[in-house]
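Trainee: Following the hints, position chain X against chain B.
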Amino acid sequence: MLATSFLDSIGVALGLWSYTVKSAPLIPPFVTFDLCQIPIANMFWIQLLPRLNPVIKSLILATGASFISQPMAVILGIYNPKVWHHYYSFPIVVLLYLIADYLYKQFQAEEVQND
Amino acid sequence: MIKPNVNPLVEKANDMVHKANVLIYESWLKTILFTWRWWILILLAIGSWTVWFIWRDKNLTHRLLYAGLVVTVATFYMDTIGIALGLWSYPIKDIPLIPSYVTWDFCIIPVASMITLQYKPNANPFIKAMTLAIIGGFIVQPVATRFGYYQIKHWHHAYSFLLIIIIYLLGYYFYNGRTWKTSLSVRGK
Numbered sequence: 670m671l672a673t674s675f676l677d678s679i680g681v682a683l684g685l686w687s688y689t690v691k692s693a694p695l696i697p698p699f700v701t702f703d704l705c706q707i708p709i710a711n712m713f714w715i716q717l718l719p720r721l722n723p724v725i726k727s728l729i730l731a732t733g734a735s736f737i738s739q740p741m742a743v744i745l746g747i748y749n750p751k752v753w754h755h756y757y758s759f760p761i762v763v764l765l766y767l768i769a770d771y772l773y774k775q776f777q778a779e780e781v782q783n784d
Numbered sequence: 004m005i006k007p008n009v010n011p012l013v014e015k016a017n018d019m020v021h022k023a024n025v026l027i028y029e030s031w032l033k034t035i036l037f038t039w040r041w042w043i044l045i046l047l048a049i050g051s052w053t054v055w056f057i058w059r060d061k062n063l064t065h066r067l068l069y070a071g072l073v074v075t076v077a078t079f080y081m082d083t084i085g086i087a088l089g090l091w092s093y094p095i096k097d098i099p100l101i102p103s104y105v106t107w108d109f110c111i112i113p114v115a116s117m118i119t120l121q122y123k124p125n126a127n128p129f130i131k132a133m134t135l136a137i138i139g140g141f142i143v144q145p146v147a148t149r150f151g152y153y154q155i156k157h158w159h160h161a162y163s164f165l166l167i168i169i170i171y172l173l174g175y176y177f178y179n180g181r182t183w184k185t186s187l188s189v190r191g192k
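In order, the protein sequences belong to chains B and X.
Going by the working numbering, the letters in the first sequence line up with residues 670 to 784, in that order.
Going by the working numbering, the letters in the second sequence line up with residues 4 to 192, in that order.
Hint data in this document are derived by calculation from the structure and do not stem from the laboratory.
If a hint is listed, it holds; no wrong ones were tucked in.
List time: in silico SDA-like cross-link candidates among lysine to any residue, alpha-carbon distance up to 25 Å:
1. X/Lys61 <-> B/Leu772
2. X/Lys22 <-> X/Ile86
3. X/Lys131 <-> X/Leu187
4. X/Lys123 <-> X/Leu68
5. X/Lys61 <-> X/Tyr122
6. X/Lys61 <-> B/Ala769
7. X/Lys131 <-> X/Tyr176
8. X/Lys33 <-> X/Val20
9. B/Lys751 <-> X/Lys6
10. X/Lys6 <-> B/Tyr756
11. X/Lys15 <-> B/Pro740
12. B/Lys726 <-> B/Ala778
13. B/Lys751 <-> B/Leu704
14. X/Lys15 <-> X/Asp82
15. X/Lys184 <-> B/Glu780
16. X/Lys15 <-> B/Val743
17. X/Lys22 <-> B/His754
18. X/Lys6 <-> B/Ile747
19. B/Lys774 <-> X/Ser188
Only chain B is shown next, with the shape it has when bound in the complex:
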């Protein structure tokens, strides 16, 4: 969640993409995406199908996010990719999901140990 927000700031700062519709009238809050949709999608995906290999899950999530959600957001006029390509987002989504999955599992293991 934090990592995506930070990446968004960097992306907008570099003029690579922009959000044309804003939930809060400030630069750069991407509240709906970075604080709502992206973390919730990641949380659900960690929770669902716990036996599926996390790498496969991350690839599916990244496919959905970069090749379905992002183009949809462009069609709906919420997101403007400028000089960015949807497939650039793909490895970032994979990496972020795998970091979140790792931290979640470590957290759980620690809780079991401390009980």
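Mentor: Frame of chain B; chain X shown alone:
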């Protein structure tokens, strides 16, 4: 190829942000990078995480990180809003981007909060929050202002004092599994 929706007014504002960032980058190269103030900022960033890494309770690592992340998100957004509204600013930047408060929001503040959470687990959390807020708001902030790391525009250290209490208690709440009671595993049984 899908034609993106372009809102000319929003686009104009975004372009101004981009130009502001180019300006920040140029001035950062000329006036900030490799100066003693910049090096101290980098040392503080690395030093704070090193202290945490050595001193942390190994059994509570991920619980502490979770609370630290909550604190980071809260401070990061507050800083972003504060800068956007022109309430305060950071004259020395570790990386040349708006918003970048890496040393403060990603290192010093979460680490200070995690250390406070771990230290004396049976102490009253409100007293701990107040202590952290007094140190942060009335010692660290004025010192940072004195040495040119922080600039107050339409803000008072007392406002930061209140924010630190709220953000620390938010971290405390998540640290204890979203309750206001200190959990047994945190107390060390």
